[in-house]
Amino acid sequence: MPTIAVTDASFEDDVLKSDKPVLVDFWADWCGPCKMIGPALEEISDELGEQVTIAKMDIMANTDTPASFGVKSIPYLVLFKNGEKVADKLGAAPKSALKGWIESSI
Numbered sequence: 001m002p003t004i005a006v007t008d009a010s011f012e013d014d015v016l017k018s019d020k021p022v023l024v025d026f027w028a029d030w031c032g033p034c035k036m037i038g039p040a041l042e043e044i045s046d047e048l049g050e051q052v053t054i055a056k057m058d059i060m061a062n063t064d065t066p067a068s069f070g071v072k073s074i075p076y077l078v079l080f081k082n083g084e085k086v087a088d089k090l091g092a093a094p095k096s097a098l099k100g101w102i103e104s105s106i
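In terms of the UniProt record's numbering, the sequence shown opens at residue 1 and continues consecutively.
Since the hints were derived computationally from the structure, they do not count as laboratory data.
Among the hints, a few may not be true.
Restraint-style ranges between C-beta atoms, simulated for each label pair [to be verified]:
hint: 1; residue 1: Trp-30; residue 2: Ile-106; range: 27 to 33 Å
hint: 2; residue 1: Ile-106; residue 2: Ala-5; range: 16 to 22 Å
hint: 3; residue 1: Pro-2; residue 2: Glu-103; range: 18 to 24 Å
hint: 4; residue 1: Gln-51; residue 2: Ala-5; range: 19 to 25 Å
Each residue gets a CB set at the ideal place from its N, CA and C atoms; glycine is no exception.
Modelling step: build the complete structure from the supplied sequences, incorporating the hints.
Set out below in structure tokens:
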């Protein structure tokens with residue numbers, strides 16, 4: 001299952017009202033570490049798609065949601081379950097570390 005793009009307008013429906021956990025990757029096109037983890041998140045989305053939705057939010061195009069969650073640095077990953085933030089991770093990491101963190105958090 002590919003990652004999905006979420007926006008300020010779709011965040012409530014796509015993330016907060018989701019019936020399964022959603023990992024949101026707050027990112028920007030100019031962010032090198034964001035680009036580094038992008039392919040890993042796509043692969044993880046394919047591997048764990050039945051258990052978790054992986055969503056990406058461009059903080060330059062969508063400013064309200066990142067501001068409401070205090071996003072100050074990127075990449076910033078936030079895991080939501082039942083509409084609540086349950087885990088977060090700041091910065092890039094190898095795929096194995098990202099996948100392990102996601103699996104332990106869902």
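Hints, one by one, checked against the model:
no.	hint	verdict
1	Trp-30 - Ile-106: 27 to 33 Å	30 Å, holds
2	Ile-106 - Ala-5: 16 to 22 Å	21 Å, holds
3	Pro-2 - Glu-103: 18 to 24 Å	19 Å, holds
4	Gln-51 - Ala-5: 19 to 25 Å	20 Å, holds
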